[in-house]
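A.B. asks: Those sequence lines, one after another, are chains V and R. For the first sequence, counting from 1, position 229 maps to 229 in the working numbering; every step adds exactly one. So the mapping is simple: the working numbering equals the position in the second sequence, first residue as 1, plus 1000.
Hints in this document: simulated from the structure, not taken from any laboratory. Don't take each hint at face value.
Unchecked claim - Derived contacts from chain V toward chain R, CB cut-off under 10 Å, selection only:
(1) Val38
(2) Glu193
(3) Ala196
(4) Ala202
(5) Pro214
In this text, a Cβ means the ideal position worked out from N, Cα and C, and glycines have one as well.
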Amino acid sequence: MSTTSVPTAARHGIPPGARARRQTAHVPTSERDIARGVLITAALAYLFLSLGLPLFVVFHEAFKKGVGAYLTALRDPELLRALRLTLLVAGIAVPLNVTFGIAAAWAITKGKVRGRTLLIALADLPLAVSPVIAGLTFMLLFGMQGWFGPWLKAHDIQIAFTVSAVVLATIFVTLPFVARELIPLMEEQGVVEEEAAVTLGASGWQIFRRVTLPNIRWGLLYGVVLCNARAMGEFGAVSVVSGRIRGQTTTLPLHIEILYNEYDFTAAFAASSLLALLAVVTLAAKHLLERSHHVARARIIEEQHERES
Amino acid sequence: MSVALDRVSKRFGSFTALNEVSFDIEEGELVALVGPSGSGKSTLLRVIAGLERQDAGIVRIHGDDAAPLGPGDRRIGFVFQHYALFRHMTVFENVAFGLRVRPRRERPSGAEITRVVRDLLELVELGALGGRYPTELSGGQQQRVALARALAVQPRVLLLDEPFGALDARVRKQLRQWLRNLHDQVKVTTVLVTHDSEEACEVADRVAVMHEGRIAQIGTAKELAREPGTPFLGAFLESSPRKASGAPRPFGVAPGGTS
């Protein structure tokens, strides 16, 4: 019998800090309040300086020459092509890595695979390696002078400096996010619910759809958000493998850098504001999904209480 | 013969969990497997269920060799030690699960599922709680949901792994009696694993005492009390917690364990 016991506090939904807070209750109230105030202020200031201010600067610079200039900059066909490429790359890399991430996390935590430590380490590799190095590795493999270069050329396949290379590099860089999010979660949940489902006659797919997936959905959603953010924002690896062919292999981040280097600040920041907007949309979508879930849940509980009373 | 085991063995690495275990369980019988931890009782239950594969020997359920059948095809109901309820489903959906996952041709209609689940919830005295989630129930209530869920698929054999292990002493006593009454009502062949020999003797028709991967002795509670087969058995049956409060609880007491 595998025993995967959830800590009692966690199962009851008591926040981990609750007990610690009670233990510090003997500290005089005023002193504690001051300490709390200082900490909160410091945290807020830090957040504002490191997150709020840059975001503000982006939009401030983008609109510096007025809304008209901003809109003109956004209508630039090259920028639109970069936006389309960014969405395409994310649209390929994210679903692939979601599939891989779920499969890897499932194999590592629920299956009995050998070499799980090696698998975890491998899945972590893209986080440990600098993206530029990752890009260079791809060039060493697929470039003209690379290992597969002559073979690719003989078969008339071009990978380096194409959209394919951009997609491949992005897949590599964003590979760990979903798996990393799911492995600890699935490890904690154990296999008992899956075992229960199998004794009740559920097939493998039914177990995944009806038991495993609902249990990991919030972790999965968070992994998708992180993966997507990185896929749309990746610069280093993509910069190396794309060859920066303007309007062809430049994703939004690359396009922004090109504009910036050309002193076209309004266009650069207008494009940046698009990227920031994409991030905001992603986070808002996540938030809405979570809230609709909690609202639905709260309504069910409320109805129960009404029925019982 | 409901369940027949023929020289079933199972090893985990160098540890022998089951060593040529053979015994038969009659139709409608309630048998308790009792023994100290590591004696192989849980492994035996999981082998009968198909959750573990034996290395050698034959498990027959209703005369048929169960080897080609996975856990889902053996028509067994399994109640796990920590209930293993689906945490994201309501009590109703938990109980309905085994019916909903059936292939379309064999699946009962929605109305039929509702009727069956309602009846089962009435049977386990949880009729009003169908809309609750498992975390909103006490340990004893969760236990009964797990039982209703296992019964929903109309199992030929019901397998209970330490069903009262995570409950506090008072609830244990109540549920024990309740389970015995339920068994007299439903009459499904039942195998119950426990480390508490008093519990085993009180609930079961026959008690099988396990020791180091073997069945050391099997018989009715009276027979075992009259003539324990070995000194070990005598000691085990004697030392076993007469007072339930002193019962060893290897996994601690479940939160909110009152029903």
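A.B. asks: Now tell me if each hint is right for this structure.
C.D. replies: Results of checking the hints against the structure:
no.	hint	verdict
1	Val38	violated, 37 Å
2	Glu193	holds, 5 Å
3	Ala196	holds, 4 Å
4	Ala202	holds, 4 Å
5	Pro214	holds, 4 Å
Hint compliance for this structure: hint 1 alone is broken.
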